[in-house]
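Protein chains in written order, with the numbering used here: chain B, 1 to 194; chain P, 1 to 176; chain Y, 1 to 477.
Don't take every hint at face value.
[Stated by the list, open to error] With a cut-off of at most 16 Å between alpha-carbon atoms, the simulated EDC-like pairs for lysine to aspartate or glutamate come out as follows:
| hint | chain 1 | residue 1 | chain 2 | residue 2 |
| --- | --- | --- | --- | --- |
| 1 | Y | Lys375 | Y | Asp176 |
| 2 | Y | Lys404 | Y | Glu230 |
| 3 | P | Lys160 | P | Glu55 |
| 4 | P | Lys160 | Y | Glu137 |
| 5 | P | Lys160 | Y | Glu329 |
| 6 | Y | Lys324 | Y | Glu363 |
[To be verified] Distance windows between CB atoms, simulated:
| hint | chain 1 | residue 1 | chain 2 | residue 2 | range |
| --- | --- | --- | --- | --- | --- |
| 7 | B | Arg34 | Y | Ile94 | 32 to 38 Å |
| 8 | B | Glu145 | Y | Glu267 | 25 to 31 Å |
| 9 | P | Ala47 | Y | Phe330 | 39 to 45 Å |
| 10 | Y | Gly233 | B | Val67 | 49 to 55 Å |
| 11 | B | Gln94 | Y | Ala383 | 50 to 56 Å |
Keep in mind the hints are simulated off the structure, nothing from the lab.
C-beta atoms are modelled at their ideal positions from N, C-alpha and C, and glycine is treated no differently.
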Amino acid sequence: MGIVNNVLDDGLGGLTHNVITGKLETIVNWSRSRSSWPASFGLACCAIEMMATGAAHYDISRFGMEVFRASPRQADVMIVAGRVSQKMAPVLRQVYDQMMEPKWVISMGVCASSGGMFNNYAIVQGVDQVVPVDVYAPGCPPTPETLIHAIETLHGLIENDEILRRRAETGAGANIHVEQIETGSTPVLLGAKR
Amino acid sequence: MTDTDASPVSDTQGDETPELHGCPTWTVGGEQHGQQVVFPDRDQYLAVAKALADEGFTICVDLCGVDYLEHLDRPLPAGVVPERFEVVANLVDIGNRRRIRIRVQVPEADPTVASLFDLHPGTESPERETYDMFGIEFDGHPDLTRILMPEDWVGHPLRKDYDPGRIPVQFKEANA
Amino acid sequence: MSTTEEPLVDDPATPLIDESKLGASVADDGDDTSGYAVFIPNTYEGAQLLKPRSETTARELLREVGSVLRMSEAEAAKLGDLPEDPDEDQTMIINMGPQHPSTHGVLRLMLELQGEQVLRCKPIIGYLHTGMEKTAEQLTYMQGGTNVTRMDYLSPFNNELAFSMATEQLLGITDDIPERATWIRMLMSELNRMSSHLLFMATNGMDLGAVSMMIYGWREREEVLRFFQEVTGLRMNHNYIRPGGVAADLPAGWRDGVLRLLDLLPERLEEYDILMTGQPIWRERLQGVGVITPNEALALGATGPILRSTGVEWDLRRDLPYLKYDELEFDIVVGSYGDAFDRYAIRLAEIRESMELVRQILERMPQGDYRIQDKKVTPPPRARIDESMEALIHHFKIFTEGFKVPEGEAYVGIESPRGEIGCYIASDGSPNPYRMHMRDPSFTNIQCLPHMMRGGLVADAVAVISSVDPVLGGVDR
């Protein structure tokens with residue numbers, strides 16, 4: 001009955017909970033939330049806004065996410081950006097399965113969250129039919145501010161460990177819905193700095 | 001034929017374009033923005049397309065199908081027998097800067113029509129799409145398989161008797 | 001305008017391909033892929049896979065080589081560098097996509113490689129098929145813009161413009177659109193061309209390794225999107241150009257926004273020239289890559305920068321003018337080698353041409369209505385609804401049932417950043433389109449890919465896709 005109990009089987013969950021391991025978990029969660037790498041799953045128009053979020057003006061690099069890993073094995077978050085068609089759904093599931101635990105899914109845009117304006121034979125009505133979703137970001141397309149809000153919500157949940165606990169209970173995603181944020185009314189001008 | 005008149009004018013131009021003789025043709029859209037439309041039979045289709053290509057219509061920019069199941073009484077020039085399906089091909093003449101449209105009637109019982117692939121290889125993907133969406137088969141197409149839907153999909157989505165597939169959504173009453 | 005003198009059609013008496021003489025290979029039944037089926041995952045697409053060469057008919061083989069275009073059989077056989085009797089162990093059929101960082105969306109390519117060289121290529125599309133044409137039959141003409149604008153999502157104004165112009169042609173109001181509406185449409189189209197080409201610069205740079213170009217291109221694009229947001233309220237997918245005009249007038253102070261853009265961009269474009277155009281690495285990666293000849297481009301239906309890069313001077317804004325492009329002075333940029341570098345250079349020059357066009361539009365923007373005053377088509381201003389019963393009824397009718405469009409059909413083609421985008425609408429007199437078909441430029445441009453990639457390296461394959469600049473939303477619709 002020491003500190004290191006069942007680590008081989010359960011990983012961090014196998015450590016008996018005490019002050020030392022508590023601090024370790026906090027550090028691990030802190031670092032996980034600050035360097036969650038997205039798997040590039042840009043499908044349609046939302047992918048353009050996702051790339052805009054990664055670009056200089058909105059810059060998700062400050063949240064540690066500018067490296068869009070092409071290989072799902074190296075990724076933590078899958079941002080499903082765009083409408084998922086019937087042909088794409090198995091591909092989506094396969095990419096999700098190839099990601100290593102712990103992994104999270106952000107469903108970006110209304111087409112990914114619920115099928116959007118395309119309520120027809122060709123589009124899967126919501127990516128949560130295929131993968132468990134943690135955060136839904138509405139918008140068509142969501143402004144980069146909305147996407148950052150969704151990402152930060154996810155990071156907050158990662159940091160206080162709620163998501164993993166919730167997953168363990170239900171096996172489903174966290175199902176958080178964020179509000180849509182409009183872009184600022186007075187646009188910030190980029191200075192012509194040379 | 002005024003500019004604001006969008007209804008077609010029936011005009012069998014036998015004299016100016018002898019190659020199209022026998023195929024009724026009219027112009028839609030008025031004088032300014034109008035475009036000539038030719039209506040060959042299924043048998044004349046490939047020959048007419050070849051004749052037009054000889055005339056200079058080198059690019060086929062678009063080929064699509066239309067299912068007139070719910071609109072069988074559409075206006076057509078005299079001598080054209082309306083069928084359920086139509087294949088519409090748009091051609092562009094780069095040298096003389098003009099467009100022309102070909103509309104072929106395709107019956108439901110035997111939905112095959114000649115393929116323009118040998119003449120315009122750029123119709124390969126549009127013809128596959130028309131096959132996928134309507135079930136119209138193209139004779140002479142090298143690879144007539146589904147292009148937009150999954151391979152094992154049953155049914156042809158753009159046909160009028162194919163349901164759009166809406167799932168019922170709470171509080172949404174409009175539009176079917 | 002180049003027209004060829006010799007007839008482009010073969011003599012119908014002798015068939016194009018005589019399969020008996022070619023010693024045709026096994027009949028194509030499609031499903032048996034000789035052993036490597038065990039490695040194919042659940043995303044198996046059946047007959048859409050690239051078959052091994054021994055199972056490909058001569059017809060298909062020649063098509064994929066691209067040599068079926070108006071060449072005699074003897075010429076096709078002389079293509080040379082394809083091995084006579086390929087030993088299948090030496091060639092590898094690999095799958096690229098649909099989820100891949102450099103396929104510009106969900107384009108799946110099956111490549112047959114011999115070492116690093118691409119022999120054959122088969123694009124498989126349909127991973128973004130949204131049933132937009134079916135959806136369009138359920139929506140009214142006023143709502144159609146929201147549907148159509150999401151097809152080619154990098155040039156949303158162009159989609160809306162094609163749809164609106166086709167609707168207007170059916171309504172017969174093409175000549176009654178107010179001047180100001182026409183000029184606003186032109187302004188937004190040209191700015192859209194700029195933002196789309198800036199995105200091309202960004203993605204082209206990143207695909208070839210100049211990753212900083214990605215950041216620069218998006219930085220410039222943000223400026224244009226900011227202007228769009230001021231005018232239309234949205235950064236993308238605006239539904240601004242509607243049948244009858246545009247949705248709202250330009251806001252006060254829009255000239256300052258445009259002028260700021262025009263002041264900002266030229267020096268940034270100079271930076272791109274320094275970073276890319278003159279740079280040896282860039283040139284080596286793009287020059288001579290993805291070459292296509294004018295005949296092949298015309299035969300394959302390619303339009304836009306691809307066709308212009310081969311030397312054919314075809315730009316719909318000048319040759320079949322729409323809106324008021326015939327009153328503006330601009331140059332058409334044409335390349336000469338038909339390679340990827342020409343396409344890059346054409347798009348960079350087109351950004352500069354668009355800036356000139358925007359300057360001219362700025363000076364000549366007339367006053368007036370921003371949409372046609374026909375009550376059957378245009379909803380009344382919101383304030384009038386409180387005052388007039390008739391206005392209320394019109395508003396109600398237009399937004400619930402929609403305005404009825406007379407029977408007929410229309411096709412309108414305009415010049416989008418990728419080529420000719422066209423809208424074919426067949427109407428039966430009801431408020432919904434009976435059939436709406438969009439001719440998307442990327443759908444036909446993708447047919448050029450196997451031809452351009454043949455004989456090149458895999459890295460060149462990425463450069464070729466990037467130079468074709470497909471937008472899969474338009475391809476799959």
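Practice task
Please write out, lowest number first, the hints stated earlier that are contradicted by the structure.
Solution key: Per hint list: 2, 3, 5, 10 violated.
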